[in-house]
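S.K.: Sequence:
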Amino acid sequence: MIHNMKGNIAGDKDLAYISNKIGMFRVGINYVACTQYQIPFVYLSFIVMFYIL
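Counting in my numbering, the sequence shown runs from -4 upward without gaps.
Quick caveat, the hints were computed from the structure, so don't treat them as lab data. Using N, Cα and C, we set each Cβ at its ideal position, and we do this for glycine too. Treat the hints with care, as some may be off.
[As the list claims (entries may be wrong)] Pair ranges (Cβ atoms, derived):
| no. | residue 1 | residue 2 | range |
| --- | --- | --- | --- |
| 1 | Pro35 | Asp9 | 29 to 37 Å |
| 2 | Phe36 | Lys8 | 26 to 34 Å |
| 3 | Val37 | Asn15 | 14 to 22 Å |
| 4 | Gly18 | Tyr38 | 13 to 21 Å |
| 5 | Tyr38 | Lys8 | 30 to 38 Å |
| 6 | Val22 | Ile47 | 16 to 24 Å |
Let the hints inform the model, and build the full structure from the sequences given.
M.R.: Okay, structure coming up:
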């Protein structure tokens, strides 16, 4: 039981780390999107990212 709890905590930490990286990636995309010309590329990258995940 305790071992399983430790495994779940480690999994949650990995998930939080990944979601944090994705959050930083989204912030970066929003920052880049301010340069209007790259909005279609950003939209396409979102589609690809969600398809991979």
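S.K.: Let me make sure I understand: some of the numbered hints might not hold for this structure. Which ones are they, in numerical order?
M.R.: Violated hints: none at all, because every hint is consistent with the structure.
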